[in-house]
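> Could you put together the complete structure from these sequences and hints?
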Amino acid sequence: MWEYRGKRLELDLEDYDTAVRYQQALEAMAARERQMKETLASDGDSALRGPEGIRAYVEMFRSFFAALFGQQAMEELFEGRYNIRECDEAYLSLLEYIRGQLQAARQRKERFAAYLPQSRQRSADGKESM
Numbered sequence: 001m002w003e004y005r006g007k008r009l010e011l012d013l014e015d016y017d018t019a020v021r022y023q024q025a026l027e028a029m030a031a032r033e034r035q036m037k038e039t040l041a042s043d044g045d046s047a048l049r050g051p052e053g054i055r056a057y058v059e060m061f062r063s064f065f066a067a068l069f070g071q072q073a074m075e076e077l078f079e080g081r082y083n084i085r086e087c088d089e090a091y092l093s094l095l096e097y098i099r100g101q102l103q104a105a106r107q108r109k110e111r112f113a114a115y116l117p118q119s120r121q122r123s124a125d126g127k128e129s130m
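For the sequence shown, my numbering gives the first residue as 1, with consecutive numbering after it.
Hints in this document: simulated from the structure, not taken from any laboratory. From a predicted model like this one, the values you see are computed outputs, not experimental measurements. The beta-carbon is built from N, C-alpha and C at its ideal position, and this holds for glycine as well. If a hint is listed, it holds; no wrong ones were tucked in.
Distance windows between CB atoms, simulated: (1) Gln-103 x Leu-26: 17 to 23 angstroms; (2) Leu-13 x Pro-51: 32 to 38 angstroms; (3) Gln-103 x Arg-5: 19 to 25 angstroms; (4) Lys-109 x Pro-51: 46 to 52 angstroms; (5) Gly-80 x Arg-108: 35 to 41 angstroms; (6) Glu-38 x Gln-103: 33 to 39 angstroms.
Here it is in structure tokens:
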């Protein structure tokens with residue numbers, strides 16, 4: 001469970017459905033970011049400054065979290081606020097949680113590798129196992 005600001009949200013990137021949702025959320029976020037950059041380039045860097053810039057940036061993250069956890073969870077997470085710092089902190093916290101999941105999976109894979117038939121054969125041949 002990812003925990004942030006007293007909220008607990010289920011996120012298991014070793015689960016197929018969750019991994020698909022995460023990938024789709026990342027792709028949608030990247031598309032929004034490209035759109036923001038295009039708007040900045042075409043409007044001489046003035047279109048997304050000030051309040052409208054804050055809204056566009058925050059909406060990119062709100063959409064990401066809604067795609068990943070659902071609209072209601074996203075609303076509860078941000079409590080209706082449109083704050084750049086809060087979005088950045090939530091996203092960084094999520095990435096740190098994901099990094100921990102990936103490290104745990106890597107460690108489990110290394111432990112498990114010794115029991116795989118292919119690993120045993122490599123050891124018998126004198127080759128380094130995974």
